[in-house]
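Use the sequences and the hints to build the structure in full.
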Amino acid sequence: MSTLRVDWPVCQARGLCHELLPEIIELDEWGYPLVNGEVTDELLADARAAVRACPRLALRLVG
Amino acid sequence: MTTRTPSPVPMRDDVHVHPGPALLSGLAGGPSLTAHRSQYGALPRLDLPALMDLARAAGLRGRGGAGFPFAIKLSTVAEGKRRPVVVVNLSEGEPASSKDSALAQARPHLILDGAVVAAVALGARDVYVVLPGDRPLAAQRMTKAMAERKDPVRLHRSIADSRFVAGQARAVIELLSGRPNLPATTWVPDAVSGLDGRPTLLSNAETWAHVGYLALRGEAAYRSNGTPDEPGTTLMTITAPGMVPQVREVAYGTRLRDVLPSSLHGAPALVGGFHGSWATWPTLASAKVSVGGFRSLGLALGAGIIHLPGRDACPLEFTSRVVDYLADQSAKRCGPCLNGLPALADAVRGLLVGSGRQARIEVLAGMVERRGACAHPDGTVRLVRSLFTMLPEEVAAHATGGCMHRPLRVAS
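Top to bottom, those sequences are chains A and P. For the first sequence, position 26 matches number 26 in the numbering used here, and the numbering has no gaps at all. Remember, the numbering used here sits 1000 above the position in the second sequence when you count from 1.
Hints may contain errors.
To list a few chain A residues with every Cβ distance to chain P over 12 Å, as calculated [unchecked claim]:
#1 PRO22
#2 PRO55
#3 VAL62
Simulated restraints, written as ranges between beta carbons of each label pair [unchecked claim]:
#4 P:ARG1257 x A:ARG5: 38 to 48 Å
#5 A:SER2 x P:GLN1039: 49 to 59 Å
#6 P:SER1224 x A:ASN36: 50 to 60 Å
#7 A:ASP41 x P:TRP1187: 16 to 26 Å
#8 P:SER1263 x A:ARG5: 22 to 32 Å
#9 A:PRO55 x P:THR1389: 33 to 43 Å
#10 A:ALA13 x P:THR1003: 23 to 33 Å
#11 P:ARG1157 x A:THR3: 38 to 48 Å
Looking from chain A toward chain P, a few residues come up when the C-beta cut is under 10 Å (computed) [as the list claims (entries may be wrong)]:
#12 ARG5
#13 VAL6
#14 ASP7
#15 PRO9
#16 VAL10
#17 CYS11
#18 GLN12
#19 TRP30
#20 TYR32
#21 PRO33
#22 GLU38
#23 ALA58
#24 ARG60
Because the hints were derived from the structure by calculation, they are not lab data. The beta-carbon is built from N, C-alpha and C at its ideal position, and this holds for glycine as well.
Structure below.
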């Protein structure tokens, strides 16, 4: 199973990842992603879409 | 220009270095290369298996705070396909620590011998020495020592920024890479891919001095101090208001109370520096200097930092000043740290006047932990949490508008 990792110094709280993957990405009170849990097979396509859509290229699928 | 929040423990490099059993032996000879060679002899050439055996037999752990086994790091670096590089991290951004500064001033060639012996064993050609930007005595002495030497590897010198997080391992590699001296996200360990993508053996100055001592004196001498389970010594920095920082070399297994000035016995202390934990006097009095022993007391020996604010100092008030300082020292690049540490600082200030809530602090802690390029937010949270776990009666006194260190006052 894969995990989503945030490149924190690069992330600027644009929030697209939450729009595309609300199942495991919430936003904190400042708008930065809170990743809850691993990327299951069912979520893999959406997770890849979130990685591609990040305007800051701050999200990566690892493992 | 904005005013920076001052550190509650001043950054100083006028240090009182006490003579010690290993690294800090023979101080009277001075720090010159001539004195060093007459004390220790020539640096032997070790091959990689010999160095690995020494590090393993000595049970050597990194002394930057994380305590990672040196032999494992060394073997990861050695397994890389590209030629490795060696980095000596002397940046010591923690104001309450002065041990690397003390070593640089008193034992610079022990540090350099450690780095050089490892570089030669690994086939590295370059050793990068990163000096502190805010400890001029240490930086000057180290620079002088580097100029005295003739080594089979190249020694390079850089100066770190004056910032708490500048000494973080990745921040040091960023500096050496020509980028801002700030933490960056680590996708693979530096030992696998660090400076220019090369396997990078980065350790702090004390770790290198132990490597040097091991190479020069051998395993038996190293093991003659400490306990069978935890051989050797560790450097500790003891600070208190109005006292010159004391650096002591302590054999593992020593009673902590024997290391602390007796005039300061009886009061709580901050253990592990600004990213550490509070400990009550009974806890301190029962502790032995040991990685495992500290862990069993809910503390971390880390880089061996003990700050004693004294009986009259309020630990909450002191913590509040530390968190204000740490929030300001953030690189301010990771959103959770940039936003969360000032919010945490506000919440801790609230605790002081009885308006802060532990629940809010827990929410903020959860929002900053493990959500940054480095462990700065995690360490700040550790310190704040330790108020609740170690000093609950102090927190309770403030909740009702009081303070155990001042006459009862009415909350405003």
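Hint by hint, which ones does this structure get wrong, listed from lowest number up? The structure conflicts with hints 3, 8 and 22, although it agrees with all the remaining ones.
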